[in-house]
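Residue numbers (the UniProt record's numbering), protein chains in the order written: chain P, 1 to 348; chain V, 1 to 348; chain W, 1 to 348; chain F, 1 to 348.
Derived by calculation from the structure, the hints in this document are not laboratory data. One or more hints might be untrue.
The calculated lysine-lysine pairs, modelled on DSSO-like cross-linking and capped at a C-alpha distance of 30 Å, are [stated by the list, open to error]:
| no. | chain 1 | residue 1 | chain 2 | residue 2 |
| --- | --- | --- | --- | --- |
| 1 | W | Lys-329 | P | Lys-89 |
| 2 | W | Lys-337 | W | Lys-89 |
| 3 | P | Lys-118 | V | Lys-48 |
| 4 | P | Lys-118 | V | Lys-64 |
| 5 | V | Lys-64 | W | Lys-23 |
The structure presented is a predicted model; accordingly, all values stated were derived computationally and were not measured.
Number of protein chains: 4
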Amino acid sequence: MIVITSNQTPEEQVQDIIRVIEKEGLQVHLSRGADRTVIGLIGGVTPKLAEHLRQMKGVENVVKISKSYKLASRDFHPEDTVIDIRGVKIGGENLVIMGGPCAVESPEQIDEIARLVKASGAQVLRGGAFKPRTGPYSFQGVGVEGLTMMAEAGRRHGLLTITEVMTPEYVDICAEHADILQVGTRNMQNFDLLRKLGTCGRPVLLKRGFSATYDELLNAAEYILAGGNRDVMLCERGIRTFETYTRNTLDLSAIPVLQSLSHLPVISDPSHGTGRRELVEPMSKASVAAGANGLIIEMHTDPDNSMTGDGVQSLFPDQFDNLLRDLEKLAPLVGRKFSPGPEPVVTV
Amino acid sequence: MIVITSNQTPEEQVQDIIRVIEKEGLQVHLSRGADRTVIGLIGGVTPKLAEHLRQMKGVENVVKISKSYKLASRDFHPEDTVIDIRGVKIGGENLVIMGGPCAVESPEQIDEIARLVKASGAQVLRGGAFKPRTGPYSFQGVGVEGLTMMAEAGRRHGLLTITEVMTPEYVDICAEHADILQVGTRNMQNFDLLRKLGTCGRPVLLKRGFSATYDELLNAAEYILAGGNRDVMLCERGIRTFETYTRNTLDLSAIPVLQSLSHLPVISDPSHGTGRRELVEPMSKASVAAGANGLIIEMHTDPDNSMTGDGVQSLFPDQFDNLLRDLEKLAPLVGRKFSPGPEPVVTV
Amino acid sequence: MIVITSNQTPEEQVQDIIRVIEKEGLQVHLSRGADRTVIGLIGGVTPKLAEHLRQMKGVENVVKISKSYKLASRDFHPEDTVIDIRGVKIGGENLVIMGGPCAVESPEQIDEIARLVKASGAQVLRGGAFKPRTGPYSFQGVGVEGLTMMAEAGRRHGLLTITEVMTPEYVDICAEHADILQVGTRNMQNFDLLRKLGTCGRPVLLKRGFSATYDELLNAAEYILAGGNRDVMLCERGIRTFETYTRNTLDLSAIPVLQSLSHLPVISDPSHGTGRRELVEPMSKASVAAGANGLIIEMHTDPDNSMTGDGVQSLFPDQFDNLLRDLEKLAPLVGRKFSPGPEPVVTV
Amino acid sequence: MIVITSNQTPEEQVQDIIRVIEKEGLQVHLSRGADRTVIGLIGGVTPKLAEHLRQMKGVENVVKISKSYKLASRDFHPEDTVIDIRGVKIGGENLVIMGGPCAVESPEQIDEIARLVKASGAQVLRGGAFKPRTGPYSFQGVGVEGLTMMAEAGRRHGLLTITEVMTPEYVDICAEHADILQVGTRNMQNFDLLRKLGTCGRPVLLKRGFSATYDELLNAAEYILAGGNRDVMLCERGIRTFETYTRNTLDLSAIPVLQSLSHLPVISDPSHGTGRRELVEPMSKASVAAGANGLIIEMHTDPDNSMTGDGVQSLFPDQFDNLLRDLEKLAPLVGRKFSPGPEPVVTV
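Extracted from the complex, chain P is given alone in its bound form (with noise of 0.2 Å):
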């Protein structure tokens, strides 16, 4: 870290910073300049004490130059990260499709999604059991019975599974039912359900909130790896802009961005990114094309009659399995290809 000191800030207070650094046990190198001097701090440095001498008086500016994540950063871990489900590889030159409804409604529609979503290629079925909605009275989904139409439809159809999981008591039932659990944006940085997803056993997925900078991001996924889970995946879903013609920005800047600061896998979701069906097929094609290692994207069977109202933005099985075709073509024009699909779950 740096401290700043403006050309006006009496010698006196320079020696008050350099005071409080040392008590610390920290290292100081001192450069003075013809407008501002500047003390380089050298050694870990608590949040705590950035605080305090920002607040310092003289001090007009403190630089954090190192970054405050280390295990999402590419610095200590330079390989890629590849998560290995049951032979879903996911990371590295590998391209993971996940397909299917905004929620699981029923255990036919799930079924009959599933059977779709593995028809055109793809390696895991999402479906939302509990919806957070922004009105009182909206689908609030189906609950744990949810859970498990989507687990026994996944199995049956030879696809892994992944869910939302909302608050941190129900992660262990997640867990139980689904391959990945998914943090969506509205909980990116809800600690409490961070901290348990980073003891629960599965690879987590997790959704940049649609206001946070790549840093929040990441230091969101150190989170959850410092609780000992190392099978995290970021996922770009759109941002906040002033431009209200989409739902959001799909920031697709984010894929390389965030693969040069991190070695963990970066996922795409061009639904809700955008909002509109009618985007969703150039958007995926542009992800891919940025170098994402996967694409999570809403398929329905009949989107006009879905349960929550995202109708909007599913693609029709047609669609989804069109643009597969076209993505099997485009992946190794970028270095990626399909990974396989899982292994059958042996029971013994």
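Position chains V, W and F relative to chain P; hints supplied.
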């Protein structure tokens, strides 16, 4: 609601749209213009119908013309809500000041701060027992003990207390010890929490999400109101913008706008809204001048050593005291007067 | 247009509103609902009438239902515009690549870069003669001489040329020397400039303002089209958001959205859209995958010593060449093919 | 400036960086930490060198530690600038009020408004002669005649005048007729215009671009100051955010922030900053409470029939008058007093 079709929509599609609306028991008013045909719906429209229509062939746009919140709307409740908590009045012409540390640290700390907050003329003691932190290893708060320390300090010095509740399971214990429960910016759309607060028996201060629109804030308030709890305060605490010099951009237009759309009191938080101590005083005065019904301000006896690192935005006690002296003069010029403090708790 | 009145608007005010509308010679359609009355206007509404209505007593909202642009809209021009400049085709299924330095620096520099741009298969040479700089003492461009240097290099190597024009008085001289005139992001709403470009006789590439909505961009294009110039390209070049890691957030959804709203070609600028060299390649591919009709890319033989300090986002020649090789393979997968290069200029 | 290298930078690259710095005649201070090496530069750094360093191999980040503006900075000019225009004082403890229509429409209109503005106690008459409009067919202003109409009205009623200048070629004629020249939000970075204003001999009110940071605004002011014109006022007029209920988000923190970074007066524009008449009064009071040195407010005798369609944000004369009565009481509470009006122009 209004459905707009483009000038190229065939008559057959228009008739399909009308059929769908009438099937739901709603009446239709049709206006044919040169470029567009407008189909007005008369009656209550479910979100599901709205989305269905949006997706139908030929539909160019669907415009909501009624607000999605009712209980929070001034349309249905023209008079200001004035919340009365043991004689402290929040709303209408009353001005309420909430002061205290970011986090309760010890019985001595909170007692001394309570004494100063009271002496300055504020009515409410603020303080966090549980802290959401953005890094995995930072201070997490002193927990339930903090609640009793703060309750005790409030009682001794004649102050109401307000504390943040972060998960549904802590609502009951917080409601037992604090007079007002606060929902933080990251929880504004934590619907499990909002639902639980709807029946908690305590007034609630609901902070605007740092990327939430006015409409989203009012819909979140609707959740609590719909649960039966009519004592809700809205709180502007800064939004995320491209300007990074301040931690957030305090949006003071929110004060008169929310007051015109809703009957609920509007509180301003200049401490989190700016993240800089030197801006708290001018932004507090500006908030009151804009018509705020109250302020929630961080104050600490030793901000440089506060345990949360939020000391950087905390006022010193003498700054807090000077500010309240100035606000006493300013308030009457904008139709506000300091609310009386709380009546003592009588225990038989 | 639609005027919405609240449920508390007295009948007398509704009649006032109707009278104002009818006075302008427009027809009225009235729909009375439970909460709101909706007054539809049939006929052309002037901005002045719209604003007048918005301010009238009893009016809650005024909703525009027709677009404010006509010539730029696909509603009135369903087929793609394909601009043909000496055999180079821009729009439709054609892909055009514009490459070159941020600024023209010398005859040798621009000649060498033109040679490389042509050898890589691009059709257009870009380069600035006049530079807008954000600090008072930085490089301002080489001026009119730069125009002739670039024109000469384009002619010699068989490339069209594009250059930015910053003020109305330079339109004529730029139009004399360059094949395409470019409007920069800060000038998107410089209406004097747009008007002048409407009659300049050259195709125009109009960059989206870094805080402009799609609607504002299309209205700016309307200005040029209304002047009689139908050869307009839209250009996405990144918007300002809360994320500061990248210089701007390249909004690739703009590509399919603008193509659906308008018939005009859409070009992507990954160099300015990201501000980082290492992101140009993935974002170029993503742009084409999203359906872009072309790319404008900075390339420099010696970016570390470029005179503008924009070298940080310029590709090296071999990176540019490799990218074009990859795009040749990618284009056919998304229905694009490289446009032919320009026919030679025949001088009699 | 500081250059930061990652922990994986080979020593050879560090030496390359140092060589480049020393070649420019600057001194180097080196601090080696556990994770990063920090290279401090002592002396003046050109933007070109900064960019060059940013691109060098091994460089992780380049941090600017001196401000890029000098003349606008309080570091180099600790006392408040107070601009004196014929006895009207702008800056310091003085409060100046500028009122008038969006556009000058006729001699009668501007004369009547001037009379009312003066009667209410304001010191400056505002009004546009040339209007930037966002649609190709809307009102463009009355032109040069408007300047003389306004000058005449100002002289007759004892008011200074301020008008917007939109292109460099109109600076001279505007300077001839108006006392203060205004730069609009879309021209904040029109460097040709800023340069011209640096030598125009008139005080300038520089509006913040609606997507400009504080730093960018101060750098734009530097342009004018560097030309020799020291009479510059900064103006906060709202920024673009995700909230669309208000036309812009008026960022009142800008007032104390700009006053701490710079010695220049800061004016607030609540009319454009909110775009809604009913918000002008509360936001005017909030601006003064936050410490503004002045206000610029739209007022119109017949806003419903104003020619620009901006009437929606104009106060009626009685609202303007009531507001000034309230501000007279408010000002002394925040250390402000109304500036005297202008001395009469003496013509020999």
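**Message:** So, against the hints stated earlier in the document, which numbers end up violated here?
**Reply:** The structure breaks only hint 4.
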